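Enquirer: Quick mapping for you: the protein sequence lines, in order, are chains B and G. Note that my numbering has the first sequence beginning at 1, numbered continuously upward. Note that my numbering has the second sequence beginning at 1, numbered continuously upward.
Since the hints were derived computationally from the structure, they do not count as laboratory data. Any given hint could turn out to be false.
Unchecked claim - Only some residues are given here: those of chain B computed to face chain G with a beta carbon under 7 Å:
(1) 5
(2) 14
(3) 15
(4) 18
(5) 148
(6) 152
(7) 342
Said to hold, decoys possible - From chain G, some residues computed to sit far from chain B (all C-beta separations above 12 Å):
(8) 32
(9) 67
(10) 76
(11) 88
(12) 98
(13) 100
(14) 138
(15) 143
(16) 150
(17) 174
(18) 195
(19) 209
(20) 231
(21) 251
This structure is a prediction, so every number in the text was calculated from the model and none was measured. C-beta: ideal position from N, C-alpha, C; glycine also.
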Amino acid sequence: MVDTGNLQSLANSMTAIASPFRSYLNDLYHKYRLLNQGTVADYIPELALAKPEWFGICAVTVDGQVFEVGDCDQLFTIQSISKAFVYGLALEDHGREYVNSKVSVEPTGEAFNSIVLDENTNRPCNPMVNAGAIATADMIKGSSTDRLKRLLDMFQRYTGREHNINVPVFLSEKATGNRNRAMAYLMLNFGMVSERVEETLDLYFQQCSILINARDLGMMAATLANGGVNPITNERAIDEHYVQDVISVMLTCGMYDYSGEWTYRVGIPAKSGVGGGITAVVPGKMGIGTFSPLLDAKGNSVRGIKVCEDISKDFGLHLFNVAKADRNLKDWIEGNNIADDW
Amino acid sequence: MPKVISIHSYRGGTGKSNFTANLATTIALQGNRVGVVDTDVPSPGIHNIFSLEPEITTKTLNSYLWGQCAIEDAAYDVSANVGLTGDGKVFLVPASVRADDIAKILKDGYDVKLLNDGFRSLVKGLQLDYLFIDTHPGLSKETFLSIAISHILILILRPDKQDYQGTAVTVDVARQLKVRKMLLTINKVHNRLDFDVLKQKIEKTYEVPVAGIFPLSEEVVQLASEGVFCIQFPDHPVSQEFRKVAQQIVE
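For reference, chain G alone in the conformation it holds in the complex (with noise of 0.2 Å):
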C-alpha cells in the first residue's frame, strides 16, 4: 500500500528539503520505490540535494501545473545521483526556478485540484511505494491540501521560540483537516539542550509524538546541500536518527 508522507514546518529554515531527501533516499536505499515531488514552488531547492541541475530539467512541476505534460514526464530518476543501486529508487519531480515561471505561477494560479490527480497519477504511474512531498513554509493551499492527503504528516521545529508558536497554529490546522497521522521531528538542537528532556517536553505540549531529534551539525552545515548527507556520512549520528524516523515511517 503505497504511503504519502508530507514533511512541513511553519517557518523556513528549519531544514525540511534536506530532512526530505536524507529520510527519503534512507527509505529507498531499503529497496523501496520512493518519489519525491517539490511543491515549494516560490522556492524551489531540493534538486540541489540530488544534485539534479536546472539545465536538465526541461519539465517540472510547473510544466504539469500548466497542462503542458504529464506528470510522469516532469519526473527524473535521481537513483544513480545518490549512489542507489538494486531496487531502491528516487524519483524526484522538480519545481522550476526560472523566474519567469515562478512569476507565472504568482501571476495566474493553478487549480490545486490537479496537485492532487497529479500525486494520484504519480504514485500509480511509477509504482511507487512511498511519495514524499516537500512543502513550501508556512499555511498555504498547498500545504492544506499535502496534510489532507497524506497518510503521515512530519512538522520539522527547531528549539526556538518561532518555531514552537508556528507550530502549534500547524498542529491546530492538521487536527481540523482531520490528518490520519502526524508527527514532529526536533532539527538543529544545539548541544547545550538535553535531549530526552526536550523530546518529553514537546511531545507534552503538543501531544504528537516526537520521531526523532537531530543535532546542529557542523557536518550537515558543510556538505551545504550538495548531496544526501546519509549517503555521504552514513555512520554519522545524524544518518542513524534518519534510520530511527524510517523505521517509524515504514511500520
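With the rest of the complex left out, here is chain B (with noise of 0.2 Å):
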C-alpha cells in the first residue's frame, strides 16, 4: 500500500475547488461584490484606507476541507473579533469563576464603547463590549513582553500561521482611545482591573491591530466548530471545556446592537470587527469567515451579514432549524448527484 499524505492532501484541495460548495459561494460572491451599500470604519486614519471594494469568502469543514472565493488573502486588522478568543485565554489562565467575577455575560443594548458598568457588581457586561473586553485582556498571565506573544501563540494555533501587528493602527488606537482608557479607570476603582492598567491597555491596542485575512477568520471559526482543534494542523487552540463558554458569548454578544435579530434569523454563534471581518461557527460542521470592510450603522460588515445570512438559510443551519433545507451541505461539499449543479 502507497503511502498517501501528499496525495491525499493535493486530493482534497483538489476536490475542495471542484465542489458545488465553491461554486455556490462563487455565486455568492458575485451576487454581492456589486453590493455596495455600507461606508468603511474611519475613525481613525488607517482604517480609512481599506478598499471598498475588497470582498473575501472562505468556509473550513471540520474535516479540513478550504473552500475559498474572493480577497480571501487580503491582510485587515482583527478588530473586536479578537475578543471572543482572548476570553477563551482568559478562562484557560483563570477559570470560569474569577472570569465571571470580573466580567459578566449579558447582551447589551448600549453601545460597544460605552462606559457602563453592572449596577450591583460593577462588572462590565460582556467580554464583547470594550470595557468587557479590557476587563478580560487584563486577566491575561505573563509579564509585559510575555503577554502579547501569548495571544499571538494562541492565533497561531488558531489559524495555524503565524501573526503580526499593524503598528500604525495600533498606535493611532492608543494616540484616540480616550473613552477606552476612561473605562480602564473606572473599572480599576472598583477592582476589576489590577493596577497594570496602562499595560493592559497596551496589550487590548495590540489585540486589536492583529492582522489577519478571511481564511484565518474560516479557519478560526472551523477550529472553534472542531471542538477546539485546527481541523488541518490537529494543534488544540483551546481547552474543550472552554469552547462552549466562547462560542455562546460570540451567539450572544458578538454582532454588536445586531446580536439579537442575528441569532433570531442567522442562528450561527458569530463575531463581527470593525475592519470588515466576520468568523462564524456552525458548531461540528464547519468556519464561515468573511472580509468586506463595508460597514453598516451597527459596525457590522454589510456583505459579510449577508453572505452568512444565505449560507445559513440555503443549507438550513440556523443551529436551532429542524425544517428540511433546500440543499444538504454534506451532498454540496461532497459534490454528488444530487448536488450536481452543472
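Two chains, two frames, a set of hints: combine them into the complex.
Expert: Structure follows, in C-alpha cells:
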C-alpha cells in the first residue's frame, strides 16, 4: 500500500476546488460584490485606507477542506473579533468562576464603547464590549513582554500560521483611545482590573491590531466548530471545556447591537469586527470567514451579514432549525449527483 | 443535465486528442451541443484535428487564465470545419501554441480554480450538453482537477507495459479523488491480439469496465490528425467503435 499523505492532501484541495459548494460560494461572491451599501470605518485614518471593493469568503469544514472565493489573502486588522478568542485564553488562565467575577455575560443594548458597568456588581456587561474586553485582556497571565506573545501564539494555534500587528493602527488606536482609557480607570476603581492598567490598555490596542485575512477567520471558526482543534494542523487551540463559553458569548453578544436579530434570523454564533471581518461557527460542521470593509450603522460588515444569512438559510444551518433546507451541506461539499449544479 | 468527460492517459502518444475529437464529434452528430477544451497547455494539438488554425485563434485558454477575456471569447464554433449541420455543434477552446504563451504559463503558473470556474461558465454560457476535457498526459494539477470535476473519466492505454503500469497508478489516484465514473479504452491494438481476451484481462486487472477497443489502424495513421476520422471514414470499424463508446456516454 502506497503512502498517501501528499496525494491525499492534493486530492483534498482539488475536490474542494471542484465541489459544488465552492461554486455556490462563488455565486454568492458575484451576487454581493456589486452591493455597495455601507461605509469603511474611518475613526482612525489607517482603517479608512481599506478599499470598498475588497471582498472575500472562506469556509473551512471540520474535516479540513477549505473553500475560498475572492480576496481571502487580503490582510486587515482583527479588531473586536479578537475579543472572543482572548476571552477563551482568560478562561484557560483562570477558570470560569474567576473570569465571571470580573466580566459578566449579559448582552447589552448599549453601544460597544459605552462607559457602563453593571449596577450591582460593577462588572462590565460581557467580554465583547470594550470594557469587558479590556477587563479580559487584563486577566491574561504573563509579564508585559510575555502577554502579547501568548496572544499571538494562541492565534497561531487557531489559524496555523504566524501573525503580526499593524503598528500604525496600534499607535493610532492608542493615541485616540481615551474612552477606553476612561473605562479602564473606572474599572480599576472598582477592582475589575489590576494596577497594571496601562500595560493592559497597550495589550488591548495591540490585540485589536493583529493582522488576519478571511481564510484565517474561516480557520478560526472551524477550529471552534471542531471542538477547539484546528482541523488541518490538528493542534488544540483552546481547552475543550471552554469552547462552549466562547461560542455562547459569540451567539449572544457577537454582532454588536444586531446580536439579537442575528441569533433569531441567522442562528450561527458569530463575531464581527470593524476591520470588516466576520467569523461564524457552525458547531460540528464548519467555520465561515468573511471580509468586506463596508460596514452598516451598527458596525457590522454589510456583505458579510448577507453571505452568512444566505448560507444559513440555503443550507438550514440555524442552530435551532428543524425544517428541511433547500440544500444538504454534506451533499454539496462532497459533490454527489444530488448536488450537481452543472 | 450537462455531462463533463475527461480524456486522460498516463503516457503520451496513446491517442487522446484524436480520441477526444472523434468521440466529441460522434456525440455532436447525434444533435448535441458539445464543447471541447484543450487543457494540454505544454503541448496543445487538438485544434489541428478540428482544422482550427493558430492564425485565427487570437484568444485561447491561456488568455482566459490570464484574465484577459471571458472563456466564451476563447471558444470557437468548429461545427462547419467538421461538416456538422443541424442541431449538433462542436465548440473548441484551444490552448496557445505560441512558445511565448507556453513559457508564460510555465513561468507564472495560474490559479487552477480559474480552470474550474471556466468549465462551469462555458457549459452555462454555451448551453452545452457535453463538455470534453483533453488533458496533458501524466499526473498534474490540471489532471487532478479534471478528474475531480468529471462525471466520466476515460483513461486511454495501449497494450504496452509502460501504459499498463501507469494506468494502475492513475486508477489509484482517480479513486482517491472519488471519481464518479471511470472507463478504460484500449487503443492502437495490433491484430495479433485477441480483442475479447484482452478486454477481459484488463477489466479484471483494473476492476474498471472497458468502453472500447481500437485497432492499430493504418488509415488513422495516414490521416495524420488532418481531420476528424469518423467524419471522413464513417463506416470504418474505428468509427463504429466510437459510436459504441458514445452510446455508453450518452446513456
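Enquirer: Could you work out which of the previously given hints the structure breaks and list their numbers from low to high?
Expert: Per hint list: 1, 5, 6, 15, 16, 17 violated.
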